[in-house]
Amino acid sequence: MTTSSASLPAIGSQLDVARDLLALLGQVSTEPRPDTRLEALTLAVAADLPVLLWGEPGIGKTAALTQLAESLDLPLTTVIASVHEPSDFSGLPILGDDPAAQGVPMAPPDWAVELARAGRGLLFLDELSTAPPAVQAALLRLVLERQIGALRLPSGVRIVAAANPRSSAADGWELSPPLANRFVHLQWTHDHDVVVRGLGGTWPRATLPRLDPEQLSEAVAFARRAVCALLAARPKLVHQMPTTETRRGGAWASPRSWDMTVRLIAFATAAGASRDVLSLLVRGTVGDGPGFELLTSIDRMDLPDPELLLADPAAADLPARGDLRQAVLDGVVAAVRRQPEKSRWDAAWELLAKAVATGAPDLVVVPATTLATLRRDSWEIPPAIEHLADMVSVSQRADRAAARVVEVRR
Amino acid sequence: MTAQFTGLDYEKLYAARLQAVSARPYLATALYALHIIESRRAPTMSVDKYWRCYVSPAFVDYMPEEELASVLVHEVSHLLRDHHGRSDRYAHTHDLSGPGERLRMNIAADAEINDDIFGDGLVWPRGAVTPATLGLATGELMEDYLSQFTLGPRTQELAWLDCGSGADGLDRDWELGPDGTDGLSEQECDAVRYRVAQGIVGRPGNAPKGWRRWADRALHPPQPWRQLLGAALRSAVSAPGVGADYTYRRPARRSASLPGVVLPSLRRMPPRVAVVIDTSGSVSDVELGSALLEVAAITQAVGGRRDLVTVFSCDTAARIAEPLCRAEGMALMGGGGTDLRTGFTKALRTRPDVLVALTDGQTPWPTTRPTCRTVVGLFHRERSYNEADPDYVPDRPPDWARVVEIG
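Taken in sequence, the protein lines are chains A and B.
Per full-length UniProt numbering, the first sequence runs over residues 1 to 410.
Per full-length UniProt numbering, the second sequence runs over residues 1 to 407.
Hints are computed from structural coordinates only; laboratory data are not their basis.
Note that the coordinates shown come from a computational prediction; the quantities given were computed from them, not determined experimentally.
For glycine and all other residues, C-beta sits at the position ideal for the given N, C-alpha and C.
Hints may be right or wrong, so weigh each one.
Claimed, not checked - Computed Cβ-Cβ distance ranges for the label pairs, DEER-style:
#, chain 1, residue 1, chain 2, residue 2, range
1, B, LEU219, A, GLY58, 41 to 47 Å
2, B, ARG217, A, ILE80, 34 to 40 Å
3, A, ARG141, B, ASP179, 44 to 50 Å
4, B, ASP9, A, ASP305, 33 to 39 Å
Just chain A, with the same shape it has in the complex (with noise of 0.2 Å):
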């Protein structure tokens, strides 16, 4: 008897030390760093289009979740869809007086309810692949339409999705190719220095997009000018269907998701957010192909206008980067090939002399070549033409060395 009096607040102090324990396991710092996923991830919230993140199971999805409600400021409300039925989604049936005269009213659940009070938050749909396609069908109206049963969800709710990669879910979640159109995808995978540190007792702290209210219209000319230059000279991608087995399931080019991408590329500027952030928002909206020309044809955007340093070639300020730079001077020499007047030759000539004093010389040398050949009979040479020769002692060092070339293979 006196043992088990005496063990009893033994037992009392021991979960005291382990609620020590926990207090000082909880304790963990954060630090700054630049997270492009989670940017990308609020900017699409922000901007109220559905979102599937696709990940394995146990990587940070929701973690990442709890960090975004709180920087957007939106209580967070998690739903696991694999432990719930169709009803919890489509509505709960509920008898009243006289069914025939009332109706069945579809009652839904008490988290949307009070979802629906508060009139804002962040609601996450977790492991949408594991619930039966019942369940799915369901969820797919709530993420798509905001209706759960007889309620609607008010526009300051915004809904996330998460979904572990059809390799790996059991129960054969795949999206159809209409829906896959009506998400922005972004895969979510563990970065394994974030981890081991973070179990060092330091998790990283993104610093999120603050949308600028002075950029606001800038940014809406940008994305529409960007789009539409795009899909105005290349008319086939507006509608790229997914027609192989690999690319089913992903994003895809439709006018719906461009119309997406516009919205994405107006909060992506007026958050000043970098290339990346863009890059995956825009490459989960319209697939990797398409993505990525629009990507290479906002770059071009941001090229300075051929006819503008035609205009004035002594004030042209040509991009540092050699392939950018090739590209402004074939884009130069294609101009004075559309219209050639000698004035305008001249003027290419003294950009290539620019380029030629500010930069790395061999890249001139094709855009030199073609310029030359654009030359009529009664046109003078330039005398920008002298500068040039850094380039054509660079050039003949090259052919010499070609001519070697030929000759080791004889």
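Fit chain B to the known structure of chain A by using the hints.
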């Protein structure tokens, strides 16, 4: 060494780059995107994963232009083919660490590159590693080579090899790192890679086979057929009406808490799968066996029972299918003829939920859509020949089937 270093001979390097560009016009974007940095500590020429190229001035003085051109193309190939990322992934999956392993990755990456980028306007730079240096076959990928050799007498002379972190993923202390100037961001690297790949695919005429293959992969990364077949089969067997789903045929146990309300209950209906094997072509035992095992394993994983998988096959296939099916507990029925249509008819008589056809596609297809979902595992064939008709092209599987290319 009496000669004083006068710094990097940029003109020579630019001449070399110009020669490289004229020999390989489709790599121009990538070659111009490289940011050249003079470095006394780089052994020869090396790249980091931010597209900076570190060049030793002494190396440029020593090498003629044409060899420098080849080395530049070699370095840019490391970056285009994402060797640093692939090295990291390989090290991660195989649990490798240490400079010795990274050297091995550098050697394997060099072997992958060097067997097809030189010649035709580019000289062989001295000391270039080839698969032959390692005593291995040409035309394979870095990962394949890595599993085939170890550091030893054969690689003794390669110990000086150093193409930088862009080739093997290991950061060097003399590199500028992610925060340094003039590096390309991940998205910019992707964009350069994409533009080069598009250039090659758009004008495939003058690019060698190795580069065309790379460009195809860069634009359409391949996916393992097992996963694709699994996904196709899973989605077929868990479609409404098959597998586990809600039904109103029986009330749910939850109904007790909601009097007067009829709720559906979860019911499991094991899928019935019919597999039709067509071996009129030359499908190897290994291919067929692994595909068949995959089908059986997936069916079981989604709740099907072995006795619900039925295999129909032509006589020639019986030799593999039979022992396999005996081991797996599947019923095997004999079939006849080499026409897949008879196999379909026979299989549909058992009223399956899903029909899986394993074939090389050189067969006529049924004209009408089967009554159940159909998955076709198509064994990859380089080219098909028909002696009577050299222009013969076999029909593609019809639209109603989900097609997974195998192998």
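*Would you say the C-beta atoms of ARG141 (chain A) and ASP179 (chain B) sit inside 44 to 50 Å of each other?*
holds (47 Å)
*Outcome for the supplied range 41 to 47 Å, where the beta carbon pair is LEU219 (chain B) and GLY58 (chain A)*: Since the Cβ atoms of LEU219 (chain B) and GLY58 (chain A) sit about 32 Å apart, the hinted range of 41 to 47 Å is violated.
*Is it true that the C-beta distance of ASP9 (chain B) to ASP305 (chain A) lies inside 33 to 39 Å, as the hint says?*
This hint holds: roughly 36 Å between Cβ atoms.
*Using the C-beta atoms of ARG217 (chain B) and ILE80 (chain A), is the stated range 34 to 40 Å upheld?*
holds (38 Å)
In summary, the one numbered hint that this structure violates is 1.
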